[in-house]
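Visitor: Sequence:
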Amino acid sequence: MHVWENGESPWLLVRVSRAWKVITFVTRNLWARICLSTPHWAESVVLRHTYTGREVCFQPEQFNRALERARGALLDLEITNGPYYLGYWPDYWGHRL
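Here the sequence shown is numbered in my numbering, starting from 1210 and rising by one per residue.
Keep in mind that the hints were calculated from the coordinates and are not lab data.
Mixed in with the good hints there might be a few duds.
To be verified - Here are the in silico distance ranges between beta carbons for each label pair:
no., residue 1, residue 2, range
1, N1290, V1231, 32 to 38 Å
2, I1288, R1227, 22 to 28 Å
3, R1227, E1287, 26 to 32 Å
4, E1287, L1221, 16 to 22 Å
5, R1227, E1277, 16 to 22 Å
6, T1247, D1285, 18 to 24 Å
7, R1274, I1232, 37 to 43 Å
8, R1227, P1248, 29 to 35 Å
9, A1228, E1270, 25 to 31 Å
Glycine included, each C-beta is placed from N, C-alpha and C at the ideal position.
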């Protein structure tokens, strides 16, 4: 059994090449880490795509797309109140407290 713990976003792999993009999108376990958050998270695109390797969803449509990418994989689901809760400054630039 091989266990791979990834703390980075799968969106990084999508950007490597066309081949990696295809492989990334068909590997459902890469998309199984999902974070549900409040809408004010939307103001930080950087945090949404990099927060601990999770797909951050703040609207039902985003959550549905995330579930489609995971395609039945066991989910690692986190529910949070957004960057404030996680210790980020209100300027959303990724500064930690």
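Visitor: With reference to the structure, classify each hint as holding or not holding.
Guide: Hint-by-hint comparison with the structure:
Between N1290 and V1231 the beta carbons are some 35 Å apart, a value that agrees with the proposed interval 32 to 38 Å. Against the hinted window of 22 to 28 Å, the Cβ-Cβ separation of I1288 and R1227 comes to about 34 Å, which falls outside the hint. Taking the beta carbon of each, R1227 and E1287 are about 31 Å apart, inside 26 to 32 Å as hinted. A C-beta distance of roughly 19 Å is found between E1287 and L1221, which places it inside the suggested range of 16 to 22 Å.
Checking the proposed 16 to 22 Å range against R1227 and E1277 shows it holds: the Cβ atoms sit about 21 Å from each other. For T1247 and D1285, the Cβ-Cβ distance of about 19 Å falls inside the hinted range of 18 to 24 Å, so the restraint holds. Remark: the range hint 37 to 43 Å for R1274 to I1232 is contradicted by a beta-carbon distance near 19 Å. Checked against the hint of 29 to 35 Å, the pair R1227 and P1248 passes, with Cβ atoms roughly 33 Å apart.
For A1228 paired with E1270, a C-beta distance near 28 Å keeps the hint of 25 to 31 Å intact.
The structure is inconsistent with the numbered hints 2, 7, although it conforms to all the rest.
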